[in-house]
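Trainee: Based on the provided sequences and hints, a complete structural model is requested.
Protein chains in written order, with the numbering used here: chain A, 904 to 1119; chain B, 904 to 1119; chain C, 904 to 1119; chain D, 904 to 1119.
30 angstroms max Cα-Cα, derived DSSO-like pairs, lysine-lysine:
{"#": "1", "chain 1": "A", "residue 1": "LYS967", "chain 2": "B", "residue 2": "LYS967"}
{"#": "2", "chain 1": "C", "residue 1": "LYS967", "chain 2": "D", "residue 2": "LYS967"}
{"#": "3", "chain 1": "B", "residue 1": "LYS967", "chain 2": "D", "residue 2": "LYS967"}
Worth flagging that the hints you see were computed from the coordinates, not collected in a lab. Computed from a predicted structure; not experimentally measured.
There are 4 protein chains.
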Amino acid sequence: MPPAADAAVAPPPRSARGQRTRAALVAAARSVFEREGYLDARTTDIAREAGVAAGSFYTYFPDKQAAFAAVLESLQDELLAPGAAAPGPREQHPLAAIRAGNRAYLEAYRRNAGLMAAMEQAALVDDRLRAARLERARTFAERHARAIARWQAAGLVDPDLDPRGAAVALDAMVSRLAEHVFVHGAERTSLDDLTELVTRMWAGALGLTPSPRKEP
Amino acid sequence: MPPAADAAVAPPPRSARGQRTRAALVAAARSVFEREGYLDARTTDIAREAGVAAGSFYTYFPDKQAAFAAVLESLQDELLAPGAAAPGPREQHPLAAIRAGNRAYLEAYRRNAGLMAAMEQAALVDDRLRAARLERARTFAERHARAIARWQAAGLVDPDLDPRGAAVALDAMVSRLAEHVFVHGAERTSLDDLTELVTRMWAGALGLTPSPRKEP
Amino acid sequence: MPPAADAAVAPPPRSARGQRTRAALVAAARSVFEREGYLDARTTDIAREAGVAAGSFYTYFPDKQAAFAAVLESLQDELLAPGAAAPGPREQHPLAAIRAGNRAYLEAYRRNAGLMAAMEQAALVDDRLRAARLERARTFAERHARAIARWQAAGLVDPDLDPRGAAVALDAMVSRLAEHVFVHGAERTSLDDLTELVTRMWAGALGLTPSPRKEP
Amino acid sequence: MPPAADAAVAPPPRSARGQRTRAALVAAARSVFEREGYLDARTTDIAREAGVAAGSFYTYFPDKQAAFAAVLESLQDELLAPGAAAPGPREQHPLAAIRAGNRAYLEAYRRNAGLMAAMEQAALVDDRLRAARLERARTFAERHARAIARWQAAGLVDPDLDPRGAAVALDAMVSRLAEHVFVHGAERTSLDDLTELVTRMWAGALGLTPSPRKEP
DNA sequence: TATGAATGAGCCTTCATTCAT
DNA sequence: CATGAATGAAGGCTCATTCAT
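Mentor: Shown next as structure tokens:
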């Protein structure tokens, strides 16, 4: 996939030195946002932690939210990793695919809990970041909707279900649950148990046929 | 259950005039929080909108968060109304109970969307309000867990399910979905469709038997 | 001594009830000023501690400083007690008189350390209270100057000394030392040692003849 | 003795421009504190008088008290100048040394009367500044105690005297007297007369032998 | 590009005092 | 006389962003 069109928004630094500085800033930003949350993070702290002057921050980012967006972008791959959202190899039984997807998502969430917390905050405060989060959720939902539709076509899932609606609802469930557990520390459970729980909810909600319809 | 113990922290106004002023402040606070969100709400605006001097705000609340808590408290009844969460009359079939509960919750959420948005914000920014939100979620979850257990006992719901886990997960789904739709304006659907969607998810996830088992 | 002329400034409460309320306020004020200092003392706290409404404070005092002045006035007797400042019975040898005076002063200071601290604060912040303090200091100085003059006349003290100047200087020494020790907690010593120290300084500074000039 | 360890708390400005701004702020602070006293001084006034934005004040000082401390530090040299406290050249007769020390102190006090008033205020209101003042007093006292001990060793001063106690007491006398006269405007005298008075008190209190003992 | 100082609008909170009842 | 609610001016401090060097 070629660089997206919106790459023009933030001209990438030409010099190697610029590349390095920018990378340092993104790393520092990640660390600071993780530690302090979106609102409490100060751009001067990010600059200091990156080892550059306060003003240099603005050489690379137009504002604080852009730095946050850059951090998220650098995580994009991890957060939207195939395992994290997609049903996996098509040959897999849906249950296995769902379980794998949920586990990957929950693991990624837990691994980046600090940032996810910051993201929740940011989404409730900054319009552009809110839009970005919705966009990400939409990506997930569409991917999942396609999988559900496929499973319906294969006779594995209740055909009356609206794939899109179900995907949205089930994604909502998993993401909120992850927030509850990993950000707010509610409901202490193991990642395994959590994975089983949401997988079971998915399965039931989709009316997943226990075994493929190969039987006569 | 009597009012929380820390209600004593803010002694209720002695005089009738004080009662009126306090009520005016709570009303104004609700309006301002709805309009501006938690972070952007200013105590001076609340005071002005209540028609009192800026300092009078502090006669009744130690700070902004206390005013917000007071607003939530005044909503408590509505948000925790039996319909909004409980399975309703015990004789009802679970599906009807779930549908009624979800509809009531979603209606209340939509009716107070501005405030709910403020609450999400507040919970991510203020520790005490976060704790209050978790407490509220717990109340819901426990109520629902009891209902599920009852249904299991009646042979209407998959007996292998952990009632508490299922309740937490399904509540998460509904609340996040409500936030998506009513706060962020994603996924435009009717309240009816939304109600049907989540009710169906509940039913499937619980393995709800369409009609009670009639075996002897 | 009949009531001073300035009693007119604050018309004494006529009713017995008023007398009691005023007394309660003065007692409460003393306690609060002692505990909080002049600046941090709140009139509402004084009223609450006196068991009256906030507004009642102003029935008895025009403002905060008046209440403080009233407290000091109620202490006047103690602070200006004969022992605390005067040379005592004229027949006494000066050294004994000085020692007794210093001891009485230091004891009174220590007993009322909290209030004295408040007084220092008040004097640096409120003009009227500053004037009152200077007036009190002047009273002391004059009394002591007279004693010194008397001792000079008796040939017991260096006749070249300016009685007024010496009195002012030595009073300054004692009052500042008391502040150092009892308010700021510097130089921990016993009251006995402190008394001996200042008495010795007085004696030396006055060129006090060890024993009366009765010898030939 | 190197600068106090906590000097590191406020890193000195890197650029020359920063040096200039900081100096301007300290000068402005001195002027404002002198004119308004510690409590009434406003940081915004200091900034305005320094010709910088209100926020720039906080680039150099965390708060008002730090600015005050910086002003005092810039006075340190003057206030603790050898002449102001020390007995001067060792060959000098104590009386001359004491007179010179007292005169220097009183002159410095009078020259900075506005600031000294602010300092008294500050010490009664701010804990850190109080501690600083006690520390300064201790420095004086120790220096004087050493001088007294030296004079005792030379047979010029009453050997029974506790050098430290005497130093503390006499310093207290002089500082309080200076405050009386220069801050509160009590007891109008000339600086010469004041110097003579306190010098005489010192001499008497120390039992200073008019001229060195000539015994072999 | 880098630097780091400068900017300045913005808002919460206190509390002595007043006043309607 | 008592009550207790209402008043409202005042100011310290933050920090994202800009800009002169």
